[in-house]
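For the record, the sequence lines run as chains C and G. Take the first sequence: its position 135, counted from the start at 1, is 132 in my numbering, and no numbers get skipped. Just add 80 to wherever you are in the second sequence, counting from 1, and you've got my numbering.
Some clues are possibly wrong.
Within a straight-line C-alpha distance of at most 20 Å, the following computed DMTMM-like cross-link-like pairs (lysine to aspartate or glutamate) qualify [what the hints assert, rightly or not]:
1) C/102 with G/184
2) G/173 with C/108
3) C/117 with C/93
4) C/106 with G/133
5) C/117 with G/89
6) C/117 with G/162
7) C/106 with G/91
8) C/90 with G/113
9) C/104 with G/184
10) C/117 with G/184
11) C/17 with G/133
12) C/26 with G/92
13) C/90 with G/131
14) C/102 with G/113
15) C/106 with G/92
16) C/102 with G/92
17) C/104 with G/92
18) C/43 with G/164
19) C/43 with G/184
20) C/90 with G/184
21) C/106 with G/105
To be clear, the hints were calculated from the coordinates, so they are not data collected in a lab. Quick caveat, the model's predicted, so the values are computed rather than measured.
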Amino acid sequence: MTVAAFSPEWAQAFKEEINKSPVYQQAAKGWKWTVGLVVEAEPDRKFPEARGVVMDLFEGQARDIRVGSAADAQACDFVISGPYSRWKQVALKELDATRGMLQGKLKLKGDLPTVVRYTKASQELTECTTRVPVTWPDEA
Amino acid sequence: MTNPVDYADGDDASAFARMLGGLIEANVVARPEKLTDFHNLKARVGIFVTDIDEAVTLEFQGGHLLVRNGLQEGRDVTIRADADTVMQLSNVKIGFAGMPNYLDSTGREVAGKMLSGRLRIEGLLGNLTTLNRVTRLFSVAT
Chain C
-2 MTVAAFSPEW AQAFKEEINK SPVYQQAAKG WKWTVGLVVE AEPDRKFPEA
48 RGVVMDLFEG QARDIRVGSA ADAQACDFVI SGPYSRWKQV ALKELDATRG
98 MLQGKLKLKG DLPTVVRYTK ASQELTECTT RVPVTWPDEA
Chain G
81 MTNPVDYADG DDASAFARML GGLIEANVVA RPEKLTDFHN LKARVGIFVT
131 DIDEAVTLEF QGGHLLVRNG LQEGRDVTIR ADADTVMQLS NVKIGFAGMP
181 NYLDSTGREV AGKMLSGRLR IEGLLGNLTT LNRVTRLFSV AT
């Protein structure tokens, strides 16, 4: 069953994918910070208002993932921001999140050494998003 | 301490330049054991990320780092690798006598990429000490 991108149902499915991933559980041992994803508005792509995804990740588990405002996401320990179309590219495996950050297509706020230490975990999080079947507002 | 890292291109510094500069700055500020290397290192190190066509030159000036966009002239060492490998280099653990550990799983993967040509280091001969210092400054492994 597909879910609408960046909806509460999507957040729940994303959480389930993370908690099913032994790769993530292994790679994220020791991770104990919140991560916020800011999905910036792109009205011309039928994504008129920014949204925030707040991820409570702890020791290889997703304790909670919820969709809120951009401000909610910006309050997290680590924040990754980008326009809707970039996040869509990430979810469709057209853009690797790490490469996106190195190229400035996605912007990262937070302690860099910690992020680099958990590169494998962040790559697996991206993999988990790609496993959630999604309907995109600009394709509906 | 004055700002340990500056960007030659100012507001036009690339995201990659800011990421590498930020990584080294955070390491130097948070981990005093890295200060000796930072103060003793005088070298120009280029890093070229092959799969995204991004490059920087790190000009270590003995206690100060100037980060420049692109590969500049006069480099002592140039590292060419894909983005994953560059990130992996930062995860190489530092082992006995401050030497990078190429025996654990991350170290073996990095060594394997060197042997297969996915990681190329130009100027290695004669600059091994420089490379080891840079690796220690980059390393985020605990």
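Problem - Violating hint indices (sorted, rising) - result: 1, 4, 5, 8, 9, 11, 12, 14, 18, 19 and 20
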